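Asks: The primary structure of each chain is shown beneath.
There are 2 protein chains.
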Amino acid sequence: MLFLAPIGSILAILFSIFLIRKILRHDEGTAEMKEIAGWIREGAYAYIKRQYSIVGIFFAAVFSVLFLLYLRGYLIIFVPFAFLTGGFFSGLCGFIGMSVSTRSSARTTAAAKSSLNGALQVAFSSGAVMGLMVVGLGLLDLSIWYYFLDWYYRGLDEAIRIQNITSTMLNFGMGASFMALFARVGGGIFTKAADVGADLVGKIECGIPEDDPRNPAVIADNVGDNVGDVAGMGADLYESYVGSIVATMALGSAAFVSYGKSLQGITIPMVMAAVGVVASLIGTFFVRSKEKAEQHELLMALRRGIFVSAALIAIGSFFVIKFVLGMQFIGVYGAVLSGLIAGIVMGLSTEYFTSDRYAPTRAVAKSSRTGPATVIISGLSVGMISTVIPVVVVALAILGAFYFSGGAKDFNLGLYGVGIAAVGMLSTLGITLATDAYGPVADNAGGNAEMSHQAPEVRKRTDALDSLGNTTAATGKGFAIGSAALSALALIAAYREHLHLLGMTINTDLMNPRLLAGLFIGAMLPFAFCSLTMSAVGRAASGVVEEVRRQFREIKGLMEGKEKPDYARCVDIVTTSAQKEMILPSLLAILAPIVVGLLMGIEAGVGLLVGALVSGFVLAIMMANSGGVWDNAKKYIESGAEGGKGSSCHKAAVVGDTVGDPFKDTSGPSLNILIKLMSMVSIVFASFIISNTLFK
Amino acid sequence: MLFLAPIGSILAILFSIFLIRKILRHDEGTAEMKEIAGWIREGAYAYIKRQYSIVGIFFAAVFSVLFLLYLRGYLIIFVPFAFLTGGFFSGLCGFIGMSVSTRSSARTTAAAKSSLNGALQVAFSSGAVMGLMVVGLGLLDLSIWYYFLDWYYRGLDEAIRIQNITSTMLNFGMGASFMALFARVGGGIFTKAADVGADLVGKIECGIPEDDPRNPAVIADNVGDNVGDVAGMGADLYESYVGSIVATMALGSAAFVSYGKSLQGITIPMVMAAVGVVASLIGTFFVRSKEKAEQHELLMALRRGIFVSAALIAIGSFFVIKFVLGMQFIGVYGAVLSGLIAGIVMGLSTEYFTSDRYAPTRAVAKSSRTGPATVIISGLSVGMISTVIPVVVVALAILGAFYFSGGAKDFNLGLYGVGIAAVGMLSTLGITLATDAYGPVADNAGGNAEMSHQAPEVRKRTDALDSLGNTTAATGKGFAIGSAALSALALIAAYREHLHLLGMTINTDLMNPRLLAGLFIGAMLPFAFCSLTMSAVGRAASGVVEEVRRQFREIKGLMEGKEKPDYARCVDIVTTSAQKEMILPSLLAILAPIVVGLLMGIEAGVGLLVGALVSGFVLAIMMANSGGVWDNAKKYIESGAEGGKGSSCHKAAVVGDTVGDPFKDTSGPSLNILIKLMSMVSIVFASFIISNTLFK
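Chains L and C supply the protein sequences, listed in that same order.
With the numbering used here applied, the first sequence corresponds to residues 100 to 795, in that order.
With the numbering used here applied, the second sequence corresponds to residues 100 to 795, in that order.
Next comes chain L alone, as it looks inside the complex (with noise of 0.2 Å):
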């Protein structure tokens, strides 16, 4: 049954075409539109153009550094070609999502002119490109490889090479980690601060509103949100996707090969992926909305498409693993439903903690009234609470995973559980995705409707469609973390069964002293990583407040609207200092576990991982959900409580709001990049640091 996952692949990606062709059959409006949505076009294609750039030095020195591990016997060969497809496939997800949905956008707003739902299609078969790109070309990439080398091993006995070939694919992550990495960090860096410096600038010191065209750092911002929101929420997803189904086909190597099934434990993975983007395909028809449809008609319908998707895969699965495995294993059908169970709960407690049809948002914009400190201290309060439920949720999870799979008999087939839970979850990838990246272009749609000043309706309709993309953002966000995590789990338990393939026999007890000092720094990490990002953020957006400033300032007539401003200069700087600030963030990640592992032993670097994975899973929801509650307590006052718009409690609800921005779109999402990246290095460098430590 392994065939279904390049054919589910292809399909995937067919289906993406055929999306493509008629999203570009739509209209794109009246010329005005036109232009606008070349601008933030072209400045996507200037930001993609250079991250690739700087992105491919980058992969050329790592590549340089793993083909000289396989020299010094390190790694195999495949290793750093598969860093390089990886890399390759992850970078063209991110482009063909930015393509389409810059080229979305206008033609959402001119669809908005006719009917909400045909704007809502528009936008949202521009998301499910981008979803189903991400599980076509993550699942081509693995079968691909699969293939080939399972035909490379073809003179060795089943369950060797089945163990040769999983062992290496699990090396086969770290290209998709890095690219993540760049996307996430470079794209969180970039949206916030030009969304930050066009807000200090333009609505504070000279008071014109939002997505004014006179603003110079406008289309900056817009193109932010494709940058950051499409490309980096893409990358951070395929990097889970295919880190879990690595980590999985480790796992399950390793757990059935004492019952004679290796290729069966490994199909598993692989066919519920398939089983899950045929089961996306399905789920996007389930999304569509009347005309004059409630808020919460829409998040319905978007809801539809989702619950459509993880029914059938719910069913599928149970079919798979019967006939893969057999009724004897057909406990891990319990681990499917963990995992898909928990992501849904995790998205909708995010719903619950940030949407202002619940009492925390209220709480928080109430606390408007005595100022910005009070906002702050809520918001923060409401973040740190949130977080209850989703650890519970995944500790629940990972049990469940556990001792349905089996794992009181066997640990490992309860360690395949927990991967297997990870597959789970991430099995809705196809529309969870989509629901989530059509955030983005229903914003720019707003944007462009502004900008080219369309009727009243016009803007009204786009308003609904951003407005529920922010709730699918939040939501978008737990899933993302909560399928981080779980991924990352599956991995460091696969790196343990690397490691023991190594031929090393590691303490893991709690007590190792060693592993102790690991989780604490482990611990820390996360921590520090979002104070760089947080201050990246902070510097990149000081430089765009001097250019804006500069250009109100040089520019004679811009104020009056008679000149255009300089949108690609705007572009320019904010794309130049995300790709300088994004370097110490990745330098801490990537070099964190080796330097570790190698100054305090092998231990030291599992400890780290752990420590890193459960603080930065807290940390992440945290700063996730903070960010939305401020957001949307904003939003809610802006609707007319509290005063509304103007009034104090508006201007403290909108410091809130800016503490959030790089809270909720820069630090929090790169903490799943830096949980799952860290183990990704750990194994790759894992020979390495074995034969270099100092502490052995």
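Source of the hints: derived by calculation from the structure; they are not laboratory data.
Only a predicted model underlies this, so the values are computations on that prediction, with no experimental measurement involved.
Incorrect hints may appear among the rest.
Note: identical chains are not told apart, hence a pair may lie in one copy or across any two.
[Stated by the list, open to error] Below are the DSSO-like pairs computed for lysine-lysine, each with C-alpha atoms no more than 30 Å apart in a straight line: (1) Lys133 - Lys663; (2) Lys465 - Lys679; (3) Lys508 - Lys750; (4) Lys465 - Lys133; (5) Lys750 - Lys302; (6) Lys663 - Lys389; (7) Lys795 - Lys508; (8) Lys559 - Lys734.
Here the structure of chain L is known, so what remains is to put chain C in place on it, guided by the hints.
Replies: Below, chain C alone, put in the same frame as chain L:
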């Protein structure tokens, strides 16, 4: 040599009494000064009376539970009674410390009329009483029980007798833990609710300065300094002190039994504590200042005391270890040094990140140019990056203590070394706490000078002392967090040993899913706990705001200074709400380890402790240092930087300071208690959980 412990303890108590008499001989100043001091003293007594009566009920309830556990065979008979003595001595410390500090503030003001050194002597003596009482009474409690148990078990073989003594005494920290919980959490809520409430109405709404006698909450604010920073801090460190000693004794009994040196092993922590008492006593004589001392010279005066004590301990403990354990185990001395050095480095690191003499505080002050949002972001960023040094230092201290003590050959010896590092760090407690508890006295003295309209040079002298107190408060917090982390780690190690003695062999492998689930939940608990305590401060402060507004509205002539406000009513309101608000977070801390242990198994309980330790440690440092840097950035601006007092930069910095108040004085320090208390609860309830857990 064990007899040195009671001797040291009595010495400390006698010297404290001598200091108290010396302080009381000082003149308390004018009638007005006496009156003001009287109000604060009355308020403090009212608070402590209410708190102790609630705590009394609570202790009676827990005593009954423990007695029930004894009747059901889960505990031995001494545990419930030791619980009471621990609570009693800790409470007595707090009572004496507060009695003295509230009697010293007016005397410090009076002494400041003639000389700076005179004022420093009074304030520091008051701090020294607290420091020496904590170590004296702590050591007395332990000595009494030790000699009693030694007599009780007199019929047994030495090794068995000592094992019985240490495993019984291990349970004895819980009384101190519970007392610390209420003192820290209740005191923390009190002090910040009063402070924030007084500021919100007084400074912001009515525009009257800090410490203005017209503000009805001003006395409550001054009471809060004593309640939070004297009694709360003292109880926190009392718990660390007692906890680290009993944990190390339990680890020593296990480590040295095979060498026939159980008695020697448990002697070391007790005797080192006694050496620490003498060294602290001597250190106090080195704290003196010349007239017209610069801020930095004053700091050096206090530092000199600590460094002299640390040097004496470093010398003394070498001979203690050589004499008691012999040269064979001289490596244990390396553990002492690891702890001592880590404590000092953590203090210096805190100073760097929070003092306005260094770059981080100045950068936060500078960020106020772009408004409150950037102040918040930069302050959080400083707090987050400031976790790096303390975490690396603690990780190195753990490794150093473990391996120096011989952990590579004998695992138990290594764990004993970790305990010794905690004891080593805390051996300077007498003097470290003195420099810390001196702060509130100086602060109150400044308030007294302001309210009683003293000459400017008096206020200038008290300001110099107060400002110094802010620095020592920050470094004291670093010390309290670091020692809490090491004590908690020693307690967890002792807990694991305790489980062995109970016949449980638990699988503490990091990949055990129950342990992992516990780790995740544990890492989340500090965040949930902070959320609860922060929102508690908000609610309690809003009660104060309403009362202050009411008094300004209803008491005619108050604003003009013709009528006195009703100070007692404000104290009463904060007292009541602090007692009410401390219940929920306290229950979380007490019940979490029991509930998780019962529902998910004992391994999950162990994971929970370690998860809470690593994430709580990092979060506590971040919160303390973010709070510290905001406070000092505001003070730096008030001293004239960035436009000075009243500028828009100052307003932005005030927002940061207000957010920082609950960070540094409520939530952050309360985490110290959380991580230690949960270990103590786990130890005491271990038998009960083992017998009744659902997940065996």
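Asks: Does each hint fit the structure? Answer for all of them.
Replies: Tested hints:
{"no.": "1", "hint": "Lys133 - Lys663", "verdict": "within (16 Å within a copy, 71 Å between copies)"}
{"no.": "2", "hint": "Lys465 - Lys679", "verdict": "between (39 Å within a copy, 23 Å between copies)"}
{"no.": "3", "hint": "Lys508 - Lys750", "verdict": "neither (59 Å within a copy, 63 Å between copies)"}
{"no.": "4", "hint": "Lys465 - Lys133", "verdict": "neither (41 Å within a copy, 42 Å between copies)"}
{"no.": "5", "hint": "Lys750 - Lys302", "verdict": "both (11 Å within a copy, 20 Å between copies)"}
{"no.": "6", "hint": "Lys663 - Lys389", "verdict": "neither (39 Å within a copy, 67 Å between copies)"}
{"no.": "7", "hint": "Lys795 - Lys508", "verdict": "between (32 Å within a copy, 14 Å between copies)"}
{"no.": "8", "hint": "Lys559 - Lys734", "verdict": "within (15 Å within a copy, 48 Å between copies)"}
Violated hints, in rising order: 3, 4 and 6; the structure is consistent with all others.
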